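Trainee: Protein chains in written order, with our numbering: chain R, 1 to 115; chain U, 1 to 112.
It should be emphasised that the hints constitute simulated quantities derived from the structure, not laboratory data. On a predicted model such as this, the values are computed, not experimentally measured, just so you know. Honestly, I wouldn't trust all of these hints.
[To be verified] Quick list of in silico lysine-lysine cross-link-like pairs, BS3-like style, CA-CA up to 30 Å:
1) U/Lys57 <-> U/Lys18
2) R/Lys3 <-> R/Lys38
3) U/Lys65 <-> R/Lys3
4) U/Lys17 <-> R/Lys38
5) R/Lys70 <-> R/Lys110
6) R/Lys102 <-> R/Lys16
7) R/Lys102 <-> U/Lys18
8) R/Lys110 <-> R/Lys16
9) R/Lys114 <-> R/Lys38
10) U/Lys69 <-> R/Lys70
11) R/Lys16 <-> U/Lys18
12) R/Lys110 <-> U/Lys71
13) R/Lys16 <-> R/Lys114
14) U/Lys69 <-> U/Lys57
15) U/Lys18 <-> U/Lys71
16) R/Lys70 <-> R/Lys38
17) R/Lys102 <-> U/Lys69
18) U/Lys65 <-> R/Lys102
19) U/Lys57 <-> U/Lys17
20) R/Lys38 <-> R/Lys102
21) R/Lys3 <-> U/Lys57
22) R/Lys102 <-> U/Lys57
23) R/Lys70 <-> R/Lys102
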Amino acid sequence: AQKVTQAQTEISVVEKEDVTLDCVYETRDTTYYLFWYKQPPSGELVFLIRRNSFDEQNEISGRYSWNFQKSTSSFNFTITASQVVDSAVYFCALSVRFNFNKFYFGSGTKLNVKP
Amino acid sequence: EAQVTQNPRYLITVTGKKLTVTCSQNMNHEYMSWYRQDPGLGLRQIYYSMNVEVTDKGDVPEGYKVSRKEKRNFPLILESPSPNQTSLYFCASSMDKNTEAFFGQGTRLTVV
Numbered sequence: 001a002q003k004v005t006q007a008q009t010e011i012s013v014v015e016k017e018d019v020t021l022d023c024v025y026e027t028r029d030t031t032y033y034l035f036w037y038k039q040p041p042s043g044e045l046v047f048l049i050r051r052n053s054f055d056e057q058n059e060i061s062g063r064y065s066w067n068f069q070k071s072t073s074s075f076n077f078t079i080t081a082s083q084v085v086d087s088a089v090y091f092c093a094l095s096v097r098f099n100f101n102k103f104y105f106g107s108g109t110k111l112n113v114k115p
Numbered sequence: 001e002a003q004v005t006q007n008p009r010y011l012i013t014v015t016g017k018k019l020t021v022t023c024s025q026n027m028n029h030e031y032m033s034w035y036r037q038d039p040g041l042g043l044r045q046i047y048y049s050m051n052v053e054v055t056d057k058g059d060v061p062e063g064y065k066v067s068r069k070e071k072r073n074f075p076l077i078l079e080s081p082s083p084n085q086t087s088l089y090f091c092a093s094s095m096d097k098n099t100e101a102f103f104g105q106g107t108r109l110t111v112v
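Using the sequences and the hints, build the whole thing.
Mentor: The following block contains the structure:
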């Protein structure tokens with residue numbers, strides 16, 4: 001069975017602080033894909049990153065970085081020098097090779113960045 | 001502009017009154033899905049489609065129907081809506097297996 005756990009329901013930080021959003025996944029499939037999506041207050045879902053199970057390299061995109069560790073089944077997301085515009089709900093999601101039509105979403109982490 | 005378009009964005013209806021939420025994508029994607037988002041539960045898949053005339057159930061299909069007569073459209077039908085179907089609904093499409101999904105703007109449905 002596949003599962004994604006985002007244990008942090010809500011996080012509040014002050015602008016310019018760094019913040020890490022945790023994501024732990026479960027799957028027995030050896031080929032899988034991990035995603036992060038952002039849902040700002042306007043409600044749409046914005047794709048941030050996709051990572052396959054064979055690529056454990058960390059990725060950095062501007063103030064965003066992702067740390068993928070297969071040993072701990074984690075795919076954590078860090079925002080450096082957070083800004084008010086980063087306030088949103090962030091979802092981690094998993095898809096697996098043999099059930100590729102489906103995304104397994106975590107319950108989301110609501111990030112509040114205060115000025 | 002590449003996009004997934006859902007209509008309506010907001011809908012309040014009464015129990016038992018049939019409704020359809022439309023979804024259209026202009027990216028020629030083969031894969032389309034419907035999800036519902038509820039507080040504390042994330043997004044759960046209702047139905048998905050791999051191509052025209054090919055659909056299958058997701059995790060929470062009860063009370064919903066879908067059809068895929070054209071590649072670009074994937075409407076969600078609630079034949080007899082009930083209050084427990086009050087939710088935020090998202091349509092999504094993706095180009096290929098395990099690629100990222102593009103989501104519509106969401107439809108907030110309230111059934112009273």
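Trainee: Decide, hint by hint, whether the structure agrees.
Mentor: Checked hints:
no., hint, verdict
1, U/Lys57 <-> U/Lys18, "holds (20 Å)"
2, R/Lys3 <-> R/Lys38, "holds (19 Å)"
3, U/Lys65 <-> R/Lys3, "holds (26 Å)"
4, U/Lys17 <-> R/Lys38, "violated (33 Å)"
5, R/Lys70 <-> R/Lys110, "holds (25 Å)"
6, R/Lys102 <-> R/Lys16, "violated (36 Å)"
7, R/Lys102 <-> U/Lys18, "holds (27 Å)"
8, R/Lys110 <-> R/Lys16, "holds (17 Å)"
9, R/Lys114 <-> R/Lys38, "holds (18 Å)"
10, U/Lys69 <-> R/Lys70, "violated (41 Å)"
11, R/Lys16 <-> U/Lys18, "violated (49 Å)"
12, R/Lys110 <-> U/Lys71, "violated (35 Å)"
13, R/Lys16 <-> R/Lys114, "holds (9 Å)"
14, U/Lys69 <-> U/Lys57, "holds (17 Å)"
15, U/Lys18 <-> U/Lys71, "holds (24 Å)"
16, R/Lys70 <-> R/Lys38, "holds (23 Å)"
17, R/Lys102 <-> U/Lys69, "holds (21 Å)"
18, U/Lys65 <-> R/Lys102, "holds (17 Å)"
19, U/Lys57 <-> U/Lys17, "holds (23 Å)"
20, R/Lys38 <-> R/Lys102, "holds (18 Å)"
21, R/Lys3 <-> U/Lys57, "holds (18 Å)"
22, R/Lys102 <-> U/Lys57, "holds (10 Å)"
23, R/Lys70 <-> R/Lys102, "holds (21 Å)"
Hint check: violations occur at hints 4, 6, 10, 11, 12; the rest are consistent with the structure.
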